Each structure stands twice: as structure tokens, then as C-alpha cells.
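K.L.:
Sequence:
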Amino acid sequence: MRLSPTVKRAAVTAAAGIALATGFSGSAQASGYDFQNPAGTSCASDAYTAKSTGLYQQNGGPRIGTVQLRYSPSCRTVWARVYSDGSHVDGSTFRQETNTYSGHCISGVLWDSSVGQYYCYTPMLNDAGYTSFAEGVASNSSNTADSLWSNTSAY
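Residue numbers -30 to -1, 1 to 125, in mature numbering (1 follows the signal peptide of the UniProt record, and there is no 0), belong to the letters of the sequence shown in order.
By construction, these hints were calculated from the structure, which means they are not laboratory data.
Take the hints with a grain of salt, since some may be wrong.
[Claimed, not checked] Have a look at the derived ranges for each label pair, beta carbon to beta carbon: (1) Ser1 / Pro32: 18 to 26 angstroms; (2) Gln28 / Ser1: 23 to 31 angstroms; (3) Asn69 / Pro32: 19 to 27 angstroms; (4) Asn29 / Asp4: 32 to 40 angstroms; (5) Asp16 / Trp119: 24 to 32 angstroms; (6) Gly30 / His74: 23 to 31 angstroms; (7) Ser112 / Asn69: 20 to 28 angstroms; (8) Asn69 / Pro43: 19 to 27 angstroms; (9) Gly78 / Gly30: 17 to 25 angstroms; (10) Gly30 / Phe5: 31 to 39 angstroms; (11) Asp4 / Ser123: 16 to 24 angstroms.
Values in this document were obtained by computation on a predicted structure and should not be read as measured data.
Each residue gets a CB set at the ideal place from its N, CA and C atoms; glycine is no exception.
Build the full structure now, drawing on both the sequences and the hints.
P.N.:
Given below as C-alpha cells:
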């Protein structure tokens, strides 16, 4: 079956449009990282903290941790990293437009000797064309008091 030149041009134009849209947006690549561990990919290597907020002990107590929204420009993904004075620490990431939660920390509780705090991190979410925020909870050094769940502003 022979196609007319008009049909051929339309097919080529459509294919080019799709390739350009996915190539420039990064959405197709980023969605492949949904719910993956950032430490198991190259995404963590260029990540930076896009947003952060302090976590304070309930009832007006001192700062006992920090929740960070981490962003990878190469992967166009986000995830939460939560620091805590105590070992009771958890977090999650939320993509607003699709009401998608990453789930809780997947790293287990880790120790960062450079800052003297425990931390954990969540799976990644595609952030290409979306806004997201991170949320977390921390505990004091004796694990006798927790913060409320608090979140970063959206990015």
C-alpha cells in the first residue's frame, strides 16, 4: 500500500512533535524514576536542597530536626530527606497535581557524622512539570519528644 505525500508528511510531523515534546520535557525519563531509591541511581549525584524547613519539638520546644526537599536536575525528580536529633525520624514526598505520595522513608535510620544527626530519605517522584513538597517528623536526642509532621513549601 502506498501512502500519499500528505499522509507521509503528517506522520513525520506527528512523530517529530512527540519526540521533541518528550525529549525537551524530560517527563518520560523522570516518570521512570517514580518510587525508586535515589541512592540506587545517578540522581543523587547532582541533587540539591530546593526547600527546607525546621522541625520543632511540640509545645514550643527547640528545633530538633530539618525536613528537606531534594531535587535532581538531571533526573527531574524530588524526594524528602529528614534530619533528626533522635533516631525517631520519618518523611514523605507529595506531588500536588496528581495527589501522589512517595511513601515513607526507605533508607532506614542512618547517621550523618558530619552534622551529628540521624536522617532518612524517601523514594523519588517525577517532578517534571509538577510542584511537590516534602514533609517529615523528628525526635529529640533522647527520643522522648517528637515534632509534629511539618512540610516544606512547594517547589
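K.L.:
Please go over all the hints and tell whether each is borne out by the structure.
P.N.:
Structure-based check of all given hints:
no., hint, verdict
1, Ser1 / Pro32: 18 to 26 angstroms, "violated, 40 angstroms"
2, Gln28 / Ser1: 23 to 31 angstroms, "violated, 37 angstroms"
3, Asn69 / Pro32: 19 to 27 angstroms, "violated, 34 angstroms"
4, Asn29 / Asp4: 32 to 40 angstroms, "holds, 37 angstroms"
5, Asp16 / Trp119: 24 to 32 angstroms, "holds, 28 angstroms"
6, Gly30 / His74: 23 to 31 angstroms, "holds, 27 angstroms"
7, Ser112 / Asn69: 20 to 28 angstroms, "violated, 36 angstroms"
8, Asn69 / Pro43: 19 to 27 angstroms, "holds, 24 angstroms"
9, Gly78 / Gly30: 17 to 25 angstroms, "violated, 31 angstroms"
10, Gly30 / Phe5: 31 to 39 angstroms, "holds, 36 angstroms"
11, Asp4 / Ser123: 16 to 24 angstroms, "holds, 22 angstroms"
The structure shown violates the earlier hints numbered 1, 2, 3, 7, 9.
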